[in-house]
Amino acid sequence: MDASIIIQIALGGILLGGLYAMVAFGLSLIYGVARILNFAHGTLLAVGGVAASAIFTATAWNPLLIMALLVPVLGLFGYVFYDKLLQPLTKRSHFEYTVGSVLVTVGALLILSDVAAWIAGPAPRNIPLRFEAMEFGDVIVSTTQAWILGGIIVFTIVLHFYIKKSWFGRAMRAVTQDHTGATICGVQADRVHALTFAFGSGIVAIAAVLYTMLFPVDPYMGFSLTVKAFTIIILGGIGNLVGALIAGIFLGLAEGFTSFFWATQWAPAISIVLLLVILVIFPQGFGWRKSK
Amino acid sequence: MSNYRYWLGGAFVLAALALIPTSGSAYTTTLLFTMLISYTLAQSWDWVGGEAGYINLAHFAFYGIGAYAFCLSLLNGIPIALCFVIAVVVTSIVALVVSFPLFRLRGDYFAFATLAILPLTELLAFNFDFTGGADGVVLPPKYVLFEAYYLAIGLVGLTAIATVWLIRTRFGYALKAIRNDEEAAEICGIRIFPAKSRVLIMSAGFASLAGALQGWQLSYIDPTTVFGLDVALIPIAMALLGGSGLLWGAVVGVIILSLFNQLLIVSLPILQTAIFGLLLLLIGRYMPGGLLRSGIIRNNRWIGFLGREHDRFVKATAGVTMTDGLPLPKQSDMKGQPVLECRNLTMAFGGNVAVDNISLTINAGEIVGLVGTNGSGKTTLFNCISKVFEQKSGDIIFLGQNLAGARRDDASKLGIGRTFQIPQPFSDLTVAENIAMPLMYRGAVSASLPDALGLATQFAEYVGLTDHLSARADSLNLQQKKALELARALACRPRLLLVDEVASGLTPMEVRNFVNHIRELRDNYGITIIWVEHIFSALAQVVDRVIVMEQGSIIADGPLDDVVRDERVLRTYLGSAAPEAV
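Line by line, the protein sequences give chains A and B.
Okay, so the first sequence: first residue is 126 according to the numbering used here, each after it adds one.
Okay, so the second sequence: first residue is 630 according to the numbering used here, each after it adds one.
For the record, the hints were derived by calculation from the structure and aren't laboratory data.
The structure presented is a predicted model; accordingly, all values stated were derived computationally and were not measured.
Among the clues, some could well be false.
[To be verified] Here are the simulated EDC-like pairs of lysine to aspartate or glutamate, each with C-alpha atoms no more than 20 angstroms apart in a straight line:
| hint | chain 1 | residue 1 | chain 2 | residue 2 |
| --- | --- | --- | --- | --- |
| 1 | B | 944 | B | 1057 |
| 2 | A | 216 | B | 1057 |
| 3 | A | 216 | B | 1103 |
| 4 | A | 216 | A | 303 |
| 5 | B | 944 | B | 737 |
| 6 | B | 1042 | B | 1103 |
| 7 | A | 216 | B | 737 |
| 8 | A | 209 | A | 221 |
| 9 | B | 1021 | B | 1096 |
Chain A on its own, in the form it takes in the complex (with noise of 0.2 angstroms):
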């Protein structure tokens, strides 16, 4: 086997494994903070995705530009779907409160979904922008590709730290192991709350303009997306971004060598077969210890 052809397989890998983990991020942190799962979080990547390359078809604008445009978009989205639908269930039981966020969440990924592909059409589509390759010996990588990986990986950095040192990230951290002992010291929780899912969604829009510039995005992949970015969460620790990032890496990786050397259709189990075989080993999820 051509050892070239193995290293473009494993830099795909590692970039969609990067861009799942960006996903997983979000939905850890609002996980972390508010214990909703929000199945329609990776719906907003989809939708983010077909909405970037319908601008991009319409204006042929810069992807920096339109990520500019979106992540404000889909933050406020994110605040007032948590404001307006998720916050007033607080006040209910905890079963009460469970099930009407996944009914809350499920009903916005099913509208979503079908707006988009009612608005944009239901057809796969991307972002058709190629910059020039660069050749080393064998290996081809497009320069799209390298900013991307550079990209992610600056920004897995800086949120890294802005999580540890910044007002707001030690707020979230606070509301994430504590939420009473956080609201006694002073943190508007429910505010938290609310800005830790306008939080995740911006960092999702940021995703979703770069999965658009690599892979083609349609409205109704978003749950599958979800399924990934819950195991990659489960398997680096809920709230431990570094330990996503590698999670994200490694299912990314899984999946590539997967459709290389057995099957393409299998690749997609292997994300739910990872987070039920965790699940069973590590009831609690794996590196829980750790954030906690």
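Given the structure of chain A, go ahead and fit chain B onto it with the hints provided.
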């Protein structure tokens, strides 16, 4: 008897449904068939979701597995009756197998895992050859709507009977206990894993029959129609819209949502999924507790009965007694013989040794005070004895039996009763139901539900909760919850009672009453008691001896008068002015 009216009403509805195909159109029959299937799915989901409190997002996978098993069997020339059996058996086996890993998980993690099962089954159906891949399974064309319809009526009848049965039996109550607090359920003598596993298999079996009937009627199935996410959550939404855990919840939810869905299909060419999603969202946002729990329904004279909670269906047997006073058997006199022995007992959490190599003996008929500073290991010791924790090393011998590896319900059945320092009542059950729980689950002497509820009144009277018998446990204040803890522990009919700070926070008058209770329990019923308490004056009135713990070890053990003069006890626990205070 209202019982009899229910059966008659139910039979009448089913008979009326059976007449539809002869008079109505095929369209009406198909619509009703869909509703019957939906009811079976929604109600069987609610046995796990509403009763046991486990949100199973993979319920639809059982429906799909049943449909595939049935259709594939039928395609291979197996007689049709046997095909239904195969569908149930295959699905039940799958449910049994997945219940082992799934029920290791709780709360959101359970939801995570069940959520992942659905796309996995879809993927398997897509990728395997024997399932026909994306083409699905096509049965030879045959018009079976009426046959399928009549079978569906039978299935709905069975589902309704099973639901009523769950309301009235102790199995249903085991599920309700599990929903509220698994630890407390085990302390009451309930084996929780078999109960959870049974209800999942039961729910899966009914779902598989629904799938088999639907597949037969459509004569065509493919992975998306039986495993797709948007269809999968509809039965769950139906159960929740009506009211999870209510007898009429699934019925009402199914009728409303099915009709609404039908209306959408007929009148709206586009965005059907989005509108349906909007409906799910609104249900989740405004009535996750269900339509039937709203005041408008409950306070209505005519339809208020639809919103009745389970506890309104069962009447307590009046005047059941075992003895005067508390319904506790007087225990065989074994005064002076050891009831409990701990030998070199050690319990550690990570590096933190909470109980350090403790050996002690408690004799029958003793009241022993267990004292020590906060964090000295008293509650951990209780947790080891009642098997909430498995000790790291050492032995616990109770009535000659080594408790190594025993489960919590074993300890309870052997005769170890306990209260929790922070009360853990079954919050959404009434006081009477809370106390009745262990009475139904105490091995050979277990009572039926009505009898247990009858006996519960006597325990409630003993601890002063008579006025609150039908109040929900989460509406009680802290002292009442502590009283309930004691009543529930007594209802376990213990030979050894572990009392964990029940008296703290009581007024002096209440403390005196409580001390009298403790004395009475020993004198009249022969119960041996270990009492953890900081109120020394209360202990002084009743204990035979005191054991003092400090940093996981026993530093003193003997009559109260000696212990209060012990140097180490004075230094670490009482402070120097204590002897005068006693």
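Handout entry: List of violated hint numbers, smallest to largest
Key = 5, 6 and 9
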